[in-house]
Amino acid sequence: MIALLLRDLRLAVRAGGGFGLGLAFFLIVVVLVPFGVGPETAVLTRIAPGILWVASLLAALLSLDRIFALDFEDGSLALLATSPLPLEGAALMKALAHWITTGLPLTIAAPALGFLLSLAPEAYVYLLVSLLLGTPALSMIGTFGAALTVGLRRGGLLLSLLVLPLYVPTLIFGAEAVRRGADGLDPTGALLLLGAITAGTFALLPFATAATLRINLR
Amino acid sequence: MRMSLWEYANPKRFMGWTAPVLPVVFGLAGVCLVVGLVWGFFFTPDDYRQGSTVKIIYLHVPAALMAINAWIMMLVASLIWIVRRHHVSALAAKAAASVGLTMTLIALFTGAIWGQPMWGTYWAWDPRLTSFLILFLFYLGYIALWEAIEDPDTAADLTSVLCMVGSIFAILSRYAVLFWNQGLHQGASLSLDPEENVADVFWLPLVVCIAGFALLFIALVLLRTRTEIRARRIRALEARVRRA
Amino acid sequence: MLRVQNLTCARGGVPVLSGVSFDVAAGQALILRGPNGVGKTTLLRTLAGLQPALAGAADYPQDQGAYASHADGIKTALTVTENLAFWADVHGTILSDGIFATFDLVDLRDRMAGTLSAGQKRRLGLARLGVIGRKVLFLDEPTVSLDGFSVRLFADWLQNTHLAGGGISVIATHIDLGLAAPELDLTPFKAAPDVGGGSDEAFL
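As they're listed, the protein sequences go chains V, A and R.
In this text, residue positions in the first sequence follow the working numbering: the first is 1, and each later residue adds one.
In this text, residue positions in the second sequence follow the working numbering: the first is 1001, and each later residue adds one.
In this text, residue positions in the third sequence follow the working numbering: the first is 2001, and each later residue adds one.
The reader is advised that the hints may include incorrect statements.
[To be verified] Below, a sample of chain V positions facing chain A; criterion: calculated Cβ distance under 7 Å:
| id | residue |
| --- | --- |
| 1 | Leu-6 |
| 2 | Leu-148 |
| 3 | Leu-158 |
| 4 | Leu-161 |
| 5 | Val-168 |
| 6 | Ile-172 |
| 7 | Glu-176 |
[Claimed, not checked] No farther apart than 16 Å at their CA atoms in a straight line, the calculated lysine to aspartate or glutamate pairs in the EDC-like style are these:
| id | chain 1 | residue 1 | chain 2 | residue 2 |
| --- | --- | --- | --- | --- |
| 8 | R | Lys-2121 | R | Asp-2147 |
| 9 | R | Lys-2121 | R | Glu-2141 |
| 10 | R | Lys-2121 | V | Asp-186 |
| 11 | R | Lys-2121 | R | Glu-2082 |
| 12 | R | Lys-2121 | R | Asp-2107 |
| 13 | A | Lys-1012 | R | Glu-2201 |
| 14 | A | Lys-1012 | R | Glu-2082 |
[Stated by the list, open to error] Over the 10 Å line for every Cβ pair with chain R, so calculated as not near, a few chain V residues:
| id | residue |
| --- | --- |
| 15 | Leu-27 |
| 16 | Phe-35 |
| 17 | Gly-36 |
| 18 | Gly-50 |
| 19 | Leu-80 |
| 20 | Ala-81 |
| 21 | Pro-84 |
| 22 | Leu-104 |
| 23 | Pro-105 |
| 24 | Ala-109 |
| 25 | Asp-183 |
| 26 | Gly-184 |
| 27 | Ala-199 |
| 28 | Ala-203 |
| 29 | Phe-207 |
Note that these hints are calculated values from the structure, not bench results.
Beta carbons: idealized from backbone N, C-alpha and C, even for Gly.
Given only the sequences and the hints, what does the whole structure look like? Please build it.
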């Protein structure tokens, strides 16, 4: 299983853009927001938690369709399906690789972008913690969505339509935790629920993803 | 062999028994809806707080109930398809989706119309309205996946998995939205809860309306399932001609 | 030992082959013949377990099957060694040096797979079969874009290493590999228009 993770990470590094593209998108969205809502610091401070979460969610969405598409086209997926590696494990590793190449860099970059949006100083630690807890769920849910649309020629738009409603609970709890942190309230409840969602998706969705891949490989 | 007998006979048997049943269900639905709506709109007193605007519950509440019931029906039908490979059940799930989508839209629109005089705005991010908006998105995704996949059995399989996973996330979203709105407004001050707003005199016509909507839902799902079965039959016949 | 009994397989929910039965003993190969579209790929994918059979069964040790087609899962951004090492790792085998010699890849070990010619890429794809150590191989046109020399390399490995070691292979191919293997023409197994089991059958 680790072999698959290492291979995917190596491919992401060599192909280039794997890490950079999502980050650049994240940066651009955050930079565009003040142009849209105006430069008042008070307004930006208020909406910063939500903007940062929505932007990282969209940045994670951007690279989802590549999770299985290349492996499906070049036949690797069929070969993996007949290998001793269970597809459930492959799904888990794919989600993990996606998280390491997008979710993790986004989490690390988020505080810097929070600075651009005048995020409340108390909120930085909760921004980091909530993204660290929440972005793995975004990758796992996205992996499931990618498996659903892998056989389709123009699956990209459909993938967003399928995955975004599934992102609602993660987004709500993630942004809520940062907002509560910024307002000086206790964000523990939101963080715990966010962690529970991540744990739940990693417990259940590898099985759904593997089942979906088997159907699509038929 | 039992399994193959099921598979072979059922779409035909379904077409057989639904043909005479369908007009009856449509008729009953029409009677219930006319009686319930006329009774509700013209023969109940105006509410002392809300005036005549409260009467929109005769459309809003039944539509909202059916919007949720349609998804539950899709979930059950999807499970039956996964376990028993029963074609009618997969097609019934497909048929229920667009009816459910329409019911969700009706619930959202009537909710907005009701909201205007009550809250002074057509749209508020009330937990209940928001949940229905999310449900609407789930319906859209489910229907889009059905439409995108060419092979009908693959489509049935994948939409079934999506329906099961989606159900879990829909319930999660419902509670997340409650959490989120409380976080913003310190408790829901704008409530669409019928139990809070509706007096006893309104209940009986409401029950008749709900029965009418339920019958209409059943009738529409039966009708659309029959259409889907016919479409599959045409596909099968065309495939046979190509092979011959 | 591979035993296929009364197998019916479908493409896109429509039965294409029915009543396929054959045995292949350990150390033997079977060449599948038949015109394009007769269902060779479908049969091989069904045998490999990638798609379910409508009827019948294929019996062989389940953890010994491997499938190979022209889509051979080669990653262009990995080197030849990295490509093979990945599959060795997934299958829990050890990548031996001998395999590079067998498939004439010694000089290409550190080249990116993306810079290989089509024929070299195919040799790399076939070398995977030597790495994963599976006994029952289902090969779909393994020699596409190989020159005569490479075909002989592959046929030699198949005969002298794989089959000689008790392996089995079922091969769909249009060219002569020079193997002393029986051939099976699939044309007689073409499914009749009224054969049962298709996904649309319940609606007819």
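Cross-check of the supplied hints:
1. With a least beta-carbon distance of about 29 Å to chain A, the hint placing Leu-6(V) at the interface is violated under the 7 Å criterion.
2. A cut of 7 Å between beta carbons decides the hint on Leu-148(V): the least distance to chain A is about 6 Å, and the hint holds.
3. Satisfaction of the interface hint for Leu-158(V) is found here, the shortest Cβ-Cβ separation to chain A being roughly 5 Å, below the 7 Å cut-off.
4. For the restraint placing Leu-161(V) at the interface with chain A, the shortest Cβ-Cβ distance is roughly 5 Å, inside the 7 Å limit, so the hint holds.
5. Interface restraint check for Val-168(V): the shortest CB-CB distance to chain A comes to about 5 Å, inside 7 Å, so the restraint holds.
6. The restraint placing Ile-172(V) at the interface with chain A holds, with a minimum CB-CB distance near 4 Å, inside the 7 Å limit.
7. For Glu-176(V), the interface hint holds, since its Cβ comes within 7 Å of a Cβ in chain A; the closest pair sits about 5 Å apart.
8. At roughly 12 Å between alpha-carbon atoms, Lys-2121(R) and Asp-2147(R) fall within 16 Å of each other, so this suggested pair holds.
9. A distance of roughly 14 Å separates the Cα atoms of Lys-2121(R) and Glu-2141(R); the hinted pair therefore holds under the 16 Å criterion.
10. Restraint check: the Cα-Cα separation between Lys-2121(R) and Asp-186(V) comes to about 58 Å, which exceeds 16 Å; the hinted pair is violated.
11. Annotation: proposed proximity of Lys-2121(R) to Glu-2082(R) holds, straight-line Cα distance about 13 Å (limit 16 Å).
12. Proximity of Lys-2121(R) to Asp-2107(R) is assessed by CA-CA distance (about 13 Å); at most 16 Å being required, the pair is judged to hold.
13. Taking the CA atoms of Lys-1012(A) and Glu-2201(R), the gap is near 11 Å; set against the 16 Å cutoff, the hint holds.
14. For the hint linking Lys-1012(A) to Glu-2082(R), the alpha-carbon distance of about 56 Å lies beyond 16 Å, and the restraint is violated.
15. Here Leu-27(V) stays apart from chain R, with its beta-carbon at least about 26 Å from theirs, past the 10 Å limit.
16. At roughly 37 Å, the least C-beta separation between Phe-35(V) and chain R is larger than 10 Å, which holds for a residue marked as non-interface.
17. Here Gly-36(V) stays apart from chain R, with its beta-carbon at least about 38 Å from theirs, past the 10 Å limit.
18. Residue placement check: Gly-50(V) keeps its beta carbon more than 10 Å from all beta carbons of chain R (closest about 37 Å).
19. In this structure Leu-80(V) is not separated from chain R by more than 10 Å, as the shortest Cβ-Cβ distance comes to only about 7 Å.
20. Against chain R, the non-interface label of Ala-81(V) is violated: not every CB pair exceeds 10 Å, the least being about 6 Å.
21. Some Cβ of chain R comes within 10 Å of the Cβ of Pro-84(V); the nearest lies about 6 Å off, and the non-interface call is violated.
22. Here Leu-104(V) stays apart from chain R, with its beta-carbon at least about 21 Å from theirs, past the 10 Å limit.
23. The Cβ of Pro-105(V) sits about 19 Å from the closest Cβ of chain R, beyond the 10 Å cut-off, so the non-interface label holds.
24. The claim that Ala-109(V) lies off the interface holds: its Cβ sits roughly 25 Å from the closest Cβ of chain R, which is beyond the 10 Å cut-off.
25. Listed as outside the interface, Asp-183(V) is consistent with that label: its C-beta sits roughly 47 Å from the nearest C-beta of chain R, beyond the 10 Å cut-off.
26. Distance check on Gly-184(V): its Cβ is at least 48 Å (rounded) from any Cβ of chain R, clearing the 10 Å threshold; non-interface status holds.
27. For Ala-199(V), the requirement that its beta carbon stay farther than 10 Å from each beta carbon of chain R is met, with the minimum near 27 Å.
28. Taking the minimum C-beta to C-beta distance to chain R, about 24 Å, the non-interface status of Ala-203(V) holds against the 10 Å cut.
29. The Cβ of Phe-207(V) sits about 19 Å from the closest Cβ of chain R, beyond the 10 Å cut-off, so the non-interface label holds.
Checked against the numbered hints listed earlier, the structure breaks hints 1, 10, 14, 19, 20 and 21; every other hint is satisfied.
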